[in-house]
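Visitor: Now for the letters of each chain:
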Amino acid sequence: MITHMEPLTADRAPGQLPSGGPAVVVEGLTRTFGPVTALSRLDVSMPQGVVGLVGANGAGKSTLIKILLGLLPPTSGRASVLGMDCATQGLAIRQVVGYMPESECLPPDVSATEFVVHLARMSGLPTEVARERTADTLRHVGLYEERYRPIGGYSTGMKQRVKLAQSLVHDPRLVLLDEPTNGLDPAGRDEMLALIQRISTEFSISVVVTSHLLGELERISDHLVVIENGVLQRSTSTADATQLSGVVLVEVTDGGPELVARLRAAGAQVAEGTGPQVFTVELAGEWVIDAVRDGVADLGTGLVRMQRRRHHLTEIFRPEQEGAHVR
Amino acid sequence: MSADVIHDIGFRHHDGPRLGRAWVVRSLLIETVRGVFGLGRPARSKVMPWALIGILLVPPLVIALSILLTGGNELPVSYTQYPSAMQLVISLFVAGAAPYCVSRDLRNGVMPLYLSRPMMRSDYVLAKLAGLAIALFGVLVATETLLLVGALLAKLPVGEQLAGWGGGLLMVAVLALVLSGISLVIAAFTPRRGLGVAAIITALLVVSGITQMLIAIANEKGYPTLASYLPALDPFALVDGVAVGILGVTPANGLTYPAGALGALVFGSLAVATVGACLAILVRRYRKVGGV
Chain Z
1 MITHMEPLTA DRAPGQLPSG GPAVVVEGLT RTFGPVTALS RLDVSMPQGV VGLVGANGAG
61 KSTLIKILLG LLPPTSGRAS VLGMDCATQG LAIRQVVGYM PESECLPPDV SATEFVVHLA
121 RMSGLPTEVA RERTADTLRH VGLYEERYRP IGGYSTGMKQ RVKLAQSLVH DPRLVLLDEP
181 TNGLDPAGRD EMLALIQRIS TEFSISVVVT SHLLGELERI SDHLVVIENG VLQRSTSTAD
241 ATQLSGVVLV EVTDGGPELV ARLRAAGAQV AEGTGPQVFT VELAGEWVID AVRDGVADLG
301 TGLVRMQRRR HHLTEIFRPE QEGAHVR
Chain B
1 MSADVIHDIG FRHHDGPRLG RAWVVRSLLI ETVRGVFGLG RPARSKVMPW ALIGILLVPP
61 LVIALSILLT GGNELPVSYT QYPSAMQLVI SLFVAGAAPY CVSRDLRNGV MPLYLSRPMM
121 RSDYVLAKLA GLAIALFGVL VATETLLLVG ALLAKLPVGE QLAGWGGGLL MVAVLALVLS
181 GISLVIAAFT PRRGLGVAAI ITALLVVSGI TQMLIAIANE KGYPTLASYL PALDPFALVD
241 GVAVGILGVT PANGLTYPAG ALGALVFGSL AVATVGACLA ILVRRYRKVG GV
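Top line first, the protein sequences correspond to chains Z and B. Per this note's numbering, residue 1 is the first one in the first sequence, and the count goes up by one each step. Per this note's numbering, residue 1 is the first one in the second sequence, and the count goes up by one each step.
If you are wondering where the hints come from, they were derived from the structure by calculation, not from laboratory data. Treat the hints with caution; some may be incorrect.
Said to hold, decoys possible - Reference listing, derived: stretches of chain B covered by chain Z, where coverage requires no fewer than 3 residues with Cβ under 8 Å from a Cβ of chain Z: (1) 32-43; (2) 160-170; (3) 194-204.
Said to hold, decoys possible - Between beta-carbon pairs, the in silico distance windows are: (4) 47(B) / 128(Z): 50 to 58 Å; (5) 55(B) / 33(Z): 30 to 38 Å; (6) 58(B) / 194(Z): 54 to 62 Å; (7) 88(B) / 152(Z): 31 to 39 Å; (8) 156(Z) / 210(B): 43 to 51 Å; (9) 88(B) / 194(Z): 52 to 60 Å; (10) 152(Z) / 223(B): 54 to 62 Å.
Stated by the list, open to error - 35 Å max Cα-Cα, derived DSBU-like pairs, lysine-lysine: (11) 159(Z) / 155(B); (12) 288(B) / 46(B); (13) 159(Z) / 221(B).
What you are looking at is a predicted structure, and each value in this text was computed from that prediction instead of being measured. Heads up, the beta-carbon is just placed ideally off N, CA and C, and yes, glycines get one too.
Chain B on its own, in the form it takes in the complex:
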C-alpha cells in the first residue's frame, strides 16, 4: 500500500533561503520567454514559433546571396525596413505567443495560484510583458544579425553596415515593446486562445491595411500633412516613423513621415504612450481577475 511508503519518508522542512519579489518576477519572465519558444511544452507548441522563426531567417540568406551574385553595393532592404517587410510573419509570431503568455493562465484559472504567492498583481503583468518583448526582441535581433552577416559576407562596407545594424536593433527593441503591449492587451481580454490569435492578427494586419487606405485618401484629397501623421495608427509604421525621425533612415513601404524634430517627437511620444497605455490597461485588467 502506497500510504506506508509515504509515511516512512517523512516530510522535510525547508530552512534555506526564501527569495523575494525580484527572483519571483525573474523566474516568471524566464518561464514566459521559454514558453513562447515552446520550451517545456508539448512538441506541437514548438511547431508554430519555430516555423515562423525559420521563415524570418530565410530572406536574409537570400538577400546576401543576391548581393554576392549581382554585386550590388548596398542591401536591397535596409535593417529598419526589414521588419516592415516581414510584417505578416512577425504579426503571426506575436499572435501565437501573446495568448500563450496570458490567456492560458486566465482560461485555466491559474491566477489565484500566482496571486497567493509573494508577488503583486503588477509584477505578473510586468514579467509577462517583459518576457514577451524579450522573446520577440530576440527573434528580431537574430534576423537583423543574419542580415548583417550576409552583408559582411558580400563584402559591403563594414562601418556602414554596423551602423545600420545598430539602428536596426534600436528599432526592433521599440517594435518588440509596442507589439507585445498591444497583443497582450488583446490577449488579456480574450481568454479563449483561438479568439485571441484571430483578434491580434486582425488588429495588426487589418489596422495596417485601413491605415494605408486612409493615407491614400488623405493624399488624394490634398492633405499631405495629415497623410504624413496617419502612419502612426499602424504599429509597424509608427515604429518605422520613430526610426526615420531619430535615425534619418529611409522609410519602409514608401511612406512619408512628418519632417523634422516635431515629427520625430510626435512619433516617439506616441510609441512611448502606446507602451505605457498598454501597461496601464493590463494592470487595470489584472486588478479584477483571479479573484481567489
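Extracted from the complex, chain Z is given alone in its bound form:
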C-alpha cells in the first residue's frame, strides 16, 4: 500500500517513528461550528512522504490542519501526529511540526533573515543555532542576497519561499503546507512543487500539502487524500491510483494507417494518436498485443514502441470532482 514512502530517516535522531509509521492518523474526526459541520467522521491515515490533501475551499482542509496542530479541539474523534495525540500534546507536536499558512503572514518592515531567525527561536532553537539554520534554510528555498532586504519589497514567489523557510527552519519531522502554490505563476508553481518534493526526498521531512488543484499534487504526492464538505472522498497511494490502464500506445516507423486498418479488422478498438504513425489500442486481451506484433511483422515496418499508458489522477477523479468545483 505504502510505496515510494521510504523517507531517508535512518540518519535521524533515535526515538523517532520507524520510517514506515504514519505521519498522521485521524479516527472518526468530527468538528462542527454551530450548525456547520466542517469535518464529518473523517477516518484517514497519512503515510510519511508527500501527502496531497485535495479539496475545494471550505472542504475542511484548514480545520483539519488546525486540529492537527493542536489548536482546535475536535468535537469528537481522535487525531494524532507522529504518534502524538493532538488534543493533549499540542506543544510537543508544534515543536517538531512546521506550518506554512495559506494567508499573507509576513511583516514588511523586517528582512527575511531577521524574521526567520526570530521564528526559529520561537520554535525553541537557541539563538546561535537559529542563525545558522536560518542562513541554511533560506539558501535551500532559494533566497540569497535578497534575504537581507525588507520583506515588503519581495515578489510573491519570494514571499512564498520565506513562508516555506520559516516552516522548515527548526528541522521539523513533518510540515503542513497550506496552498503553497497560491498566487504563483506557472514557472513559480513548478519551482515550488519541485522544492516540496525535495523536502521529502532530500531533507527527509514528511509533507502534507493542500491544494484545490489535483493536477499539481498528482505530480509530487506519494499519497492523495481527497475531502469534500468535510467528508473523506478518497485516500489512495498515488502508485495505486496511477496504475496501468487498459490502453497500449503504439508507434511505428511507417505504415501506421495500414496497421490500424488491420487491427480494426481484427476487432480491436483503436484511437488515433498524435501522428499518423502513433495510435492507441484498447487492451481487450492478450490477442491484441499479438495482433500488433503480427501486423508489424507482416507489413515489414519498424516498431518504435509499445507502451502501456498510466492513468492520470485527474482522469480518475474528474467525474466526481469536476462538476462540483472546477476552481
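Knowing the structure of chain Z, use the given hints to seat chain B on it.
Guide: Below, chain B alone, put in the same frame as chain Z:
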C-alpha cells in the same frame, strides 16, 4: 543555475536541544523590548522612541542646574510627581510602542506563525505585556535616576534623595504596568497602526482632561469625598494616588486623594484590578484571533 548549488549543500538536521516555553516567551519578550526602541527595525522606527526619550531626559538636567544656580534644598518636582508632569511625553511614547507590539502582528497576519509554534496564546499575550512594561519601566527608571544624579550633584541630602528615588521606582513600576495594559488592549482592537496610536493618545490624555473636569465639578457642587476618588479614572492620577497612599508623598497636580488606609487600599486595588482586567481582556481577545 542556482538549483545545482542548493543540491550540493545538502540539508543538515538539528539534533541539538529544543528549548521549551520559557525560552520561547523570554525570546519574544526580548524581541518586544528591542522593537519598542526600534532596534532591529528600519531607521525611521528609531526616531520617535528616541526623540521622546531625549525629551524625557532633558528636564532632570534643567532641574539639577536650577538647584545648583538658585541653591534650593529640595527638588522642585518630586520623584513621584515627575511622571505626571511628563504625562504627555510618556503617553506619546506608549502610544507609539503598543501598536508596534501587537497591531503589527495582527495586521500582517503573523499570528498563525506564532500559534503554530510550541507556545500558548496566553504566552504571547504575557510576553508582549511584560515586554512593553519592561521597556517603559526602563525609560522611566532612566529619568528617575537622572533626577537622582542631578539632586546628588546639587548636594541635596543623600539619604532623603535615595528614599525618594526608591519610592519613584516603585511608582513607575506600577505606572508602566497600568499604561502598558491599557494601551495594549486598545492596540489589540485596532489593527491599523495610525488608528491605534490616535486611540491610545485619546484614551490617556482626553480621559485625564475629563477627569480633571469632573473633579472640579464635584468640588464645586460640594462632594469633596467623591472628588477625592475621581482621580482613579485617570491612569496617571490613579498610580499617583497609590504612591500617595502607600508612600505618603506629596500628590502631583495638586490633587487630593482619599485620606487614610482606605484610600490607599482602594487606589491600590484599582491599579491591580486594571492590570488584571487588561490581561484578561487581552487573553480573551487572542483566543479569537489568528485562526490558522
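Visitor: Now look at each hint and say whether the structure bears it out.
Guide: Quick rundown of the hints versus the structure:
1. Remark: the region 32-43 of chain B is confirmed as covered by chain Z, as 3 of its residues place a Cβ nearer than 8 Å to a Cβ of that chain, reaching the required three.
2. Counting residues of the region 160-170 of chain B whose C-beta sits closer than 8 Å to any C-beta of chain Z gives 0, which falls short of three, so the coverage hint is violated.
3. Counting residues of the region 194-204 of chain B whose beta carbon lies closer than 8 Å to any beta carbon of chain Z gives 0, which falls below the threshold of three, so the coverage claim is violated.
4. Distance hint check for residue 47(B) and residue 128(Z): the Cβ-Cβ separation is about 31 Å, which falls outside the suggested range of 50 to 58 Å.
5. Checked against the hint of 30 to 38 Å, the C-beta distance between residue 55(B) and residue 33(Z) comes to roughly 50 Å, which is inconsistent with it.
6. Take residue 58(B) and residue 194(Z): their Cβ atoms lie about 59 Å apart, and the range 54 to 62 Å holds.
7. As the Cβ distance of residue 88(B) to residue 152(Z) is approximately 32 Å, the hint placing it in 31 to 39 Å holds.
8. As the Cβ distance of residue 156(Z) to residue 210(B) is approximately 48 Å, the hint placing it in 43 to 51 Å holds.
9. At about 57 Å, the beta-carbon gap between residue 88(B) and residue 194(Z) stays in the expected band of 52 to 60 Å.
10. With their beta carbons about 55 Å apart, residue 152(Z) and residue 223(B) fall inside the hinted range of 54 to 62 Å.
11. Taking the CA atoms of residue 159(Z) and residue 155(B), the gap is about 60 Å. The hint is violated against a cut of 35 Å.
12. Our distance criterion of 35 Å between C-alpha atoms is met by residue 288(B) and residue 46(B), whose separation comes to about 32 Å.
13. With a C-alpha separation of about 63 Å, the suggested pair residue 159(Z) and residue 221(B) falls outside the 35 Å cut-off, and the hint is violated.
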